[in-house]
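Could you build the full structure based on these sequences and the hints that come with them?
The sequence shown finishes on residue 217 if you use our numbering, and the numbering steps up by one all the way, no holes.
Fair warning: there could be bad hints in the mix.
Stated by the list, open to error - Quick list of the computed label-pair ranges, beta carbon to beta carbon:
(1) E83 - P198: 27 to 35 Å
(2) E70 - A120: 33 to 41 Å
(3) G117 - W64: 27 to 35 Å
(4) D31 - P198: 20 to 28 Å
It is worth saying that the hints were derived from the structure and are not from the lab.
The C-beta atom is built at its ideal place from N, Cα and C for all residues, glycine as well.
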Amino acid sequence: MNATVLLTADASPAGPSLVLRPWEREDAAALVGIWRDPALRRWTSTAVEDEADAVRWVREQERGWASGERFGFAVLEGRADPGSAGAVVGNVVLKGAVAGAASAEVGYWTAAHARGRGVASRSLEAMTRWAFDTFGGDGLQRLDLLHQADNVGSCGVARKAGYAFDRILPASPPAFPLDGHLHARFGPVPGATVTA
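Here it is in structure tokens:
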């Protein structure tokens, strides 16, 4: 997969347009500040304590693109022209979209200073369209979004991005100490025709 993928999300009444692009090492300094947020630390399993941790995290994102197993996008405020993009405001990721797989998983987080502006739902929608456009021909039909049951905000993001509630996932300690929610979104069926 080419790491020059650039996605956009239009501005909304709550926030400016968004640019989604693969993570770059220059983003490491911003990550350190973003990860100081206790809420983000609560909902993610990664720890970024300093710039060295941030660089390692970005390298993992680069490896994901190179292997085709994980496509992480930095979400920035701005326009389609990368030179005009602003601050990092979030992350969206597509995991497990390999040839022949009918389903894959999505994930996201939003920086504290950008919450409440529709960043997560708009960037998730942009990446979802890209995922089905890019991998639908290889069999991708379903995207899953999982979150802890007490993360009420994630239910709202899922709903706004068209991911319907599917079922409750039972807790599986220690990795998943609480019940979770599974939301799903289905893509177009390959070879289907639409009639009016």
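To see whether the hints hold, each was checked on the structure:
| no. | hint | result |
| --- | --- | --- |
| 1 | E83 - P198: 27 to 35 Å | holds (31 Å) |
| 2 | E70 - A120: 33 to 41 Å | holds (37 Å) |
| 3 | G117 - W64: 27 to 35 Å | violated (20 Å) |
| 4 | D31 - P198: 20 to 28 Å | violated (38 Å) |
Comparing the model with each earlier hint shows violations of hints 3 and 4; every other hint is respected.
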